[in-house]
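Chemist: The lines below spell out each chain.
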Amino acid sequence: MTETVPSIHVQSVVKRYGTLAAVAGVDLSIAKGESVALLGPNGAGKTTLVEMIEGLIPPDEGEIRIDGLSWKTQAGSIRGKLGTCLQDAKLPERLRVEEILELFCSFHGRGRERVEELLLLVELGEARRQLAGKISGGQRQRLALACAIAGEPDILVLDEPTTGVDPAARRQIWGILEGLRARGATLLMTTHFMDEAERLCDRVVLMESGRILEQGTVSELLERGGASSLDDLFLRLAGRRIVE
Amino acid sequence: MSGRLSGKARARALYLFTKAHLLEFFREPGVVFWAFGFPLLLSWALGLAFLSPKPLGTELVVSQADSAAVRQVVTDPSVRLRVLSEEAAMRALRRGEVAGRIATGPDGIRLEVDTASQDGVMARLLVERTLAGAANRVKVEAPVASAGNYADFLFPGMLALGLMNGCLWGIGFGLMDLRLRKLLRLFAATPLSRVDILLSVVLARMVILPLESGLLWGFGMVVFGVHLHGNVFLFVLAAASGAVAFSGIGVLAASRVGHNQAAYGIMNALTIPMTIVSGIFFSWTRFPSWLHPVVEWLPLTVLADLLRSISSEGAGLAHALPRVLVLLAWGLLAGSVGLRLFRWR
Chain W
1 MTETVPSIHV
11 QSVVKRYGTL
21 AAVAGVDLSI
31 AKGESVALLG
41 PNGAGKTTLV
51 EMIEGLIPPD
61 EGEIRIDGLS
71 WKTQAGSIRG
81 KLGTCLQDAK
91 LPERLRVEEI
101 LELFCSFHGR
111 GRERVEELLL
121 LVELGEARRQ
131 LAGKISGGQR
141 QRLALACAIA
151 GEPDILVLDE
161 PTTGVDPAAR
171 RQIWGILEGL
181 RARGATLLMT
191 THFMDEAERL
201 CDRVVLMESG
211 RILEQGTVSE
221 LLERGGASSL
231 DDLFLRLAGR
241 RIVE
Chain A
245 MSGRLSGKAR
255 ARALYLFTKA
265 HLLEFFREPG
275 VVFWAFGFPL
285 LLSWALGLAF
295 LSPKPLGTEL
305 VVSQADSAAV
315 RQVVTDPSVR
325 LRVLSEEAAM
335 RALRRGEVAG
345 RIATGPDGIR
355 LEVDTASQDG
365 VMARLLVERT
375 LAGAANRVKV
385 EAPVASAGNY
395 ADFLFPGMLA
405 LGLMNGCLWG
415 IGFGLMDLRL
425 RKLLRLFAAT
435 PLSRVDILLS
445 VVLARMVILP
455 LESGLLWGFG
465 MVVFGVHLHG
475 NVFLFVLAAA
485 SGAVAFSGIG
495 VLAASRVGHN
505 QAAYGIMNAL
515 TIPMTIVSGI
525 FFSWTRFPSW
535 LHPVVEWLPL
545 TVLADLLRSI
555 SSEGAGLAHA
565 LPRVLVLLAW
575 GLLAGSVGLR
585 LFRWR
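Chains as they are written, first to last, in my numbering: chain W, 1 to 244; chain A, 245 to 589.
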């Protein structure tokens, strides 16, 4: 029997800032093609965990493997497999939409044809000549998503991909992410939105104070905890709501 | 309920908001330093240059061989004598650090001063006064070397200043800005290597700098008649080594900064003091002598003096090479420390 290597494997990971443990011993494994939501209030440690998975900061303890590869020794190979969409990242405001896409495609060795594909996928064809600083928040978020998937990554890590966008733009982004899921991409996303997690993810991981409180499918979690919603469940487990 | 605040509620909100800004300010030591400490330091440095009591009089160079004889007859303390070798004397005359040269001659004292300049007239008057009544005669001659016009002094300095500002603001502040806008981490998460990310910033600046420098020097030549007496390739090599020095310092300056105000603060802290003390607008020898050992090794001083020596004095490779190496050492040392400390988020 062959054992499948998980897309993301986080083992006993700890990250401290001074005396504060932002991530305090997390184990998490995400299978290929699986879609997982990290859910938790601000300060729960989601972004720190995601930044370690993205290789932006090293863990103080433990190990993170992406598709079986270690950040310590195979960072270059991992970056080709991983697409990232960072929380609040500003795109270069004085570049046009298509110029930014061309730039990010070039990071993955992709040319103009990929730019056209992306413009079509994220529905930014009409805005292609506009400066990134002049487009709407929803368009900017779709542009950031397009940059993240410029290299057609196997694994996509998204830190609050729909925060700060209007409901219509959120639904557009959901549509794009559902399309990526359907093509077999592994998805890890942090979010404050329960409906987003329920709709897009196979599994939900609840985080608080740098630790994983619970994980499972939404129905499993609600049944196990005897709660009517994920927010209620979180309130019972952590004593506070996810969005306060 | 109305959306507008009542007068009392509005005043309270304004008070709390103001207080919040003040708390933010005073809880950031870096910002406090740039707001209060840095202006004091700058004022102090400027005061050293312009307010230190300078003795009235003149300064003249004299050779080792003539110094004893000259000192016997020129006893007025307002005539200061600087004993220098021939080569050092010529350099001091060309840079305008001294008013002229004094020596003993067969007919008495030989004074080489530019009598068309204020400093030259002052030197002549003081020397003649101190010798009045004595048997010595003063023979006044035109100096064999003298400082060029102010443009010859200023433009090499301005070129050095432009290179410093171009590298520190273009590379250093550019990287800080990328980090503050979270673009650095966005790029760092792509397959593009981190060295390439930094290199792209440096290369962009290396395209702009020759344009900036060429324009400035061309302006100096056309408008002020600035001359390049030395070798043009050596001049370009000197400028390039300056760019290396300030690129490295730019990377070091940008390595840790994560706050907007700190970014401006650190850039100003690097550029303003060097602009003042490194001899861009006036000779750094005006500062007290105890400061010279520090000032003369600052990268902007080394670069400005090097460019000036090549352009005004026609200095060759033997003079330039050690200074080029000093500039490269600045760049490599600062750059390697900067890369080691560099934060991508």
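Honestly, the hints are just simulated from the structure, not real lab data. Predicted model, so just to flag it, every value in this text is computed and none were measured. Virtual Cβ for every residue (Gly too), placed ideally from N, Cα, C. A hint or two may mislead.
What the hints assert, rightly or not - Which residues of chain A face chain W? A few of them, derived with a C-beta cut under 10 Å, are:
hint: 1; residue: S311
hint: 2; residue: L422
hint: 3; residue: R425
hint: 4; residue: K426
hint: 5; residue: R429
hint: 6; residue: T434
hint: 7; residue: P435
hint: 8; residue: L459
hint: 9; residue: G462
hint: 10; residue: V466
hint: 11; residue: V467
hint: 12; residue: G469
hint: 13; residue: F586
hint: 14; residue: W588
hint: 15; residue: R589
Said to hold, decoys possible - With a straight-line cut-off of 25 Å between C-alpha atoms, the simulated BS3-like cross-links for lysine-lysine are:
hint: 16; chain 1: W; residue 1: K134; chain 2: W; residue 2: K72
hint: 17; chain 1: A; residue 1: K383; chain 2: W; residue 2: K134
hint: 18; chain 1: W; residue 1: K72; chain 2: A; residue 2: K426
hint: 19; chain 1: A; residue 1: K383; chain 2: W; residue 2: K81
hint: 20; chain 1: A; residue 1: K426; chain 2: W; residue 2: K90
hint: 21; chain 1: W; residue 1: K32; chain 2: W; residue 2: K72
hint: 22; chain 1: W; residue 1: K90; chain 2: W; residue 2: K32
Chemist: Each hint: holds or not?
Modeler: Do the hints match the structure? See the list:
1. At a threshold of 10 Å, the smallest CB-CB gap from S311 (chain A) to chain W is about 64 Å, leaving the interface hint violated.
2. Nearest Cβ of chain W to the Cβ of L422 (chain A): about 9 Å, under the 10 Å cut. The hint holds.
3. Proximity of R425 (chain A) to chain W holds as hinted, the smallest CB-CB distance being about 4 Å (cut-off 10 Å).
4. With a cut of 10 Å, the hint placing K426 (chain A) at the interface with chain W holds, because the nearest CB-to-CB distance is about 5 Å.
5. With 10 Å as the threshold, the beta carbon of R429 (chain A) comes within range of chain W, its nearest partner Cβ sitting at about 5 Å, so the hint holds.
6. Because the beta carbon of T434 (chain A) sits about 4 Å from the nearest beta carbon in chain W, less than 10 Å, this interface hint is met.
7. Of the supplied interface hints, the one on P435 (chain A) holds, with its beta-carbon coming within about 4 Å of a beta-carbon of chain W, less than 10 Å.
8. Residue-level restraint check for L459 (chain A) is violated (minimum Cβ-Cβ distance to chain W is 23 Å; threshold 10 Å).
9. Given the 10 Å rule on beta carbons, the hint for G462 (chain A) is violated: about 29 Å separates it from the nearest Cβ of chain W.
10. The interface hint given for V466 (chain A) is broken, as the beta carbon of that residue sits about 33 Å from the closest beta carbon of chain W, more than 10 Å.
11. This hint is violated: V467 (chain A) has a C-beta 33 Å from the nearest C-beta of chain W, more than the 10 Å allowed.
12. Restraint check, G469 (chain A) versus chain W: the minimum CB separation of about 39 Å is more than 10 Å; hint violated.
13. Because the beta carbon of F586 (chain A) sits about 13 Å from the nearest beta carbon in chain W, more than 10 Å, this interface hint is broken.
14. With a cut of 10 Å, the hint placing W588 (chain A) at the interface with chain W holds, because the nearest CB-to-CB distance is about 6 Å.
15. Nearest Cβ of chain W to the Cβ of R589 (chain A): about 5 Å, under the 10 Å cut. The hint holds.
16. For the hint linking K134 (chain W) to K72 (chain W), the alpha-carbon distance of about 39 Å lies beyond 25 Å, and the restraint is violated.
17. Between K383 (chain A) and K134 (chain W), the direct Cα distance comes to roughly 76 Å. Violation of the 25 Å bound is thereby established for this hinted pair.
18. Our distance criterion of 25 Å between C-alpha atoms is met by K72 (chain W) and K426 (chain A), whose separation comes to about 23 Å.
19. Taking the CA atoms of K383 (chain A) and K81 (chain W), the gap is near 85 Å; set against the 25 Å cutoff, the hint is violated.
20. Restraint check for K426 (chain A) and K90 (chain W): the C-alpha separation of about 6 Å stays at or below 25 Å, so the hint holds.
21. For a cut-off of 25 Å, the pair hint linking K32 (chain W) to K72 (chain W) stands: about 21 Å separates their Cα positions.
22. Only pairs whose Cα atoms come within 25 Å are accepted, and K90 (chain W) paired with K32 (chain W) is rejected, the gap being roughly 30 Å.
Hint check: violations occur at hints 1, 8, 9, 10, 11, 12, 13, 16, 17, 19 and 22; the rest are consistent with the structure.
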